[in-house]
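Which chain is which? The protein sequence lines are E and Y, in order. All residue numbers for the first sequence refer to this note's numbering, where the first residue is 1 and numbers rise by one. All residue numbers for the second sequence refer to this note's numbering, where the first residue is 244 and numbers rise by one.
Hints should not be assumed to be uniformly reliable.
[To be verified] Covered, in the sense of this in silico footprint (three residues per stretch, anywhere, with C-beta under 8 Å from a C-beta of chain E), are these stretches of chain Y: (1) 383 to 394; (2) 401 to 411; (3) 415 to 421; (4) 430 to 444.
If you're looking for bench data, these hints aren't it; they were derived computationally from the structure. Glycine included, each C-beta is placed from N, C-alpha and C at the ideal position.
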Amino acid sequence: MASIWEYANPRKFMATTDRVLPWISVAAVLALVVGLVWGFFFTPDDYKQGSTVKIIYLHVPAALMAINAWLMMLVASLIWIVRRHHVSALAARAAAPVGATMTLIALATGAIWGQPMWGTWWAWDPRLTSFLILFLFYLGYMALWAAIENDDTAADLTSVLCLVGSVFALLSRYAVNFWNQGLHQGASLSLDKEENVADVFYYPLLVAIAGFVLLFVTLVLLRTRTEIRARRMRALIARERMA
Amino acid sequence: MRALLLRDLRLAVRAGGGFGLGLAFFLIVVVLVPFGVGPETALLTRIAPGILWLGALLACLLSLDRILALDWEDGSLDLIATAPLPLEAAVSVKALAHWLTTGLPLVAAAPVLGLLLNLPGPGYLWLVLSLAIGTPALSVIGTFGAALTVGLKRGGLLMSLLVLPLYVPTLIFGAEVARRGAEGMDPVTPLLMLGGLTCGTIALLPFASAAVLRVNLR
Numbered sequence: 001m002a003s004i005w006e007y008a009n010p011r012k013f014m015a016t017t018d019r020v021l022p023w024i025s026v027a028a029v030l031a032l033v034v035g036l037v038w039g040f041f042f043t044p045d046d047y048k049q050g051s052t053v054k055i056i057y058l059h060v061p062a063a064l065m066a067i068n069a070w071l072m073m074l075v076a077s078l079i080w081i082v083r084r085h086h087v088s089a090l091a092a093r094a095a096a097p098v099g100a101t102m103t104l105i106a107l108a109t110g111a112i113w114g115q116p117m118w119g120t121w122w123a124w125d126p127r128l129t130s131f132l133i134l135f136l137f138y139l140g141y142m143a144l145w146a147a148i149e150n151d152d153t154a155a156d157l158t159s160v161l162c163l164v165g166s167v168f169a170l171l172s173r174y175a176v177n178f179w180n181q182g183l184h185q186g187a188s189l190s191l192d193k194e195e196n197v198a199d200v201f202y203y204p205l206l207v208a209i210a211g212f213v214l215l216f217v218t219l220v221l222l223r224t225r226t227e228i229r230a231r232r233m234r235a236l237i238a239r240e241r242m243a
Numbered sequence: 244m245r246a247l248l249l250r251d252l253r254l255a256v257r258a259g260g261g262f263g264l265g266l267a268f269f270l271i272v273v274v275l276v277p278f279g280v281g282p283e284t285a286l287l288t289r290i291a292p293g294i295l296w297l298g299a300l301l302a303c304l305l306s307l308d309r310i311l312a313l314d315w316e317d318g319s320l321d322l323i324a325t326a327p328l329p330l331e332a333a334v335s336v337k338a339l340a341h342w343l344t345t346g347l348p349l350v351a352a353a354p355v356l357g358l359l360l361n362l363p364g365p366g367y368l369w370l371v372l373s374l375a376i377g378t379p380a381l382s383v384i385g386t387f388g389a390a391l392t393v394g395l396k397r398g399g400l401l402m403s404l405l406v407l408p409l410y411v412p413t414l415i416f417g418a419e420v421a422r423r424g425a426e427g428m429d430p431v432t433p434l435l436m437l438g439g440l441t442c443g444t445i446a447l448l449p450f451a452s453a454a455v456l457r458v459n460l461r
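Chain E on its own, in the form it takes in the complex (with noise of 0.2 Å):
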């Protein structure tokens, strides 16, 4: 029977990947187009907020997978200690700057929105406060895997940090949210509420969000699959200068 573990093994994973990537790609790219194509030109303004409404388009599906990556940063993380796939630890390490961009995506989106709608291109508020410390993890996270040059050593060692980091960054979204009242809107989706935003703004956002998933997927397994050529290459020659 086939099972998720025989991904694990490098050979069939590159193997799969090979035959999926082109397609998911190839999807991403139409989800992102027309998603953003939609969102941009055909719906309407806002009443109060007019055109800069439309950057919902971008802040909301960044913002959204700049957690989902860290979250999947964890459960590869805990799939390497507990089961030591390397493709996992390699996963998560491709991720990183992936979710670490999307991080910085939502931020830079959220500040363009705020300077005409808040009057400030930035304020303490504990959303977007929350996203700071969160990149600052990620910023961590990436400097750590560079610091270190035994793989094994550094893929242990992050997926601790990883871990740890991801019970502090709750408590810190927590914390911040006791330190200081928020400007920021609640949420404008959620899956157990009747309503939502409106739906003309709904659906071009959720093809929206379609497109921003499937680009995390084709980035990650792109990079993924670019670190297990390296380690490849680095075996290869090594095997070569024993020789």
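Use these hints to put chain Y onto chain E, whose structure you have.
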């Protein structure tokens, strides 16, 4: 355990002056602040609790690489790791020694430095209390950071990058206690949060520190 604690304390007090270094750094940070923001007493009164907490935190950070790096260099860390004492306990003792030599003096010095920053009268008790409860968490979290970076040649800067985000919740609750105390509001809620945070980190983080230390000693 007691032998290890005494050894660490003696080393901190006698060798290299690490004992007074954190304190001196704390003093200098507090002295530099009025130069940066101007000497108006009203402003200093307002920012005093935050500055004192920030100074204590930075002084703590400065002395973190002494927890494990020296023992790593001369090889005594390997001996500690192979001793019958579980590594989790050894790491906890190291954190305790760090707190006794850095955190506790900071707590004692804080009221004097509060005087320099014109901290209002009711603030002293809460400042000391919040630092006394919060600094153990700083030491334990810092030991985790030190254990992560112990094998690296230039780990100091990286350690700051790793440890400072982890300090955020402690700083928020601690400074909130001191600020509310100074402004005459009720500081019990953040104080309880701070206490919970400290207990939680003391209970759980030594396991993570020992785990990464084992990886580094492999």
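The hints, checked one at a time:
1. 383 to 394: Answer holds; 4 residues pass the 8 Å Cβ test.
2. 401 to 411: Check passed, 7 qualifying residues.
3. 415 to 421: holds (count 3)
4. 430 to 444: Answer holds; 3 residues pass the 8 Å Cβ test.
Of the numbered hints given earlier, the model fails none.
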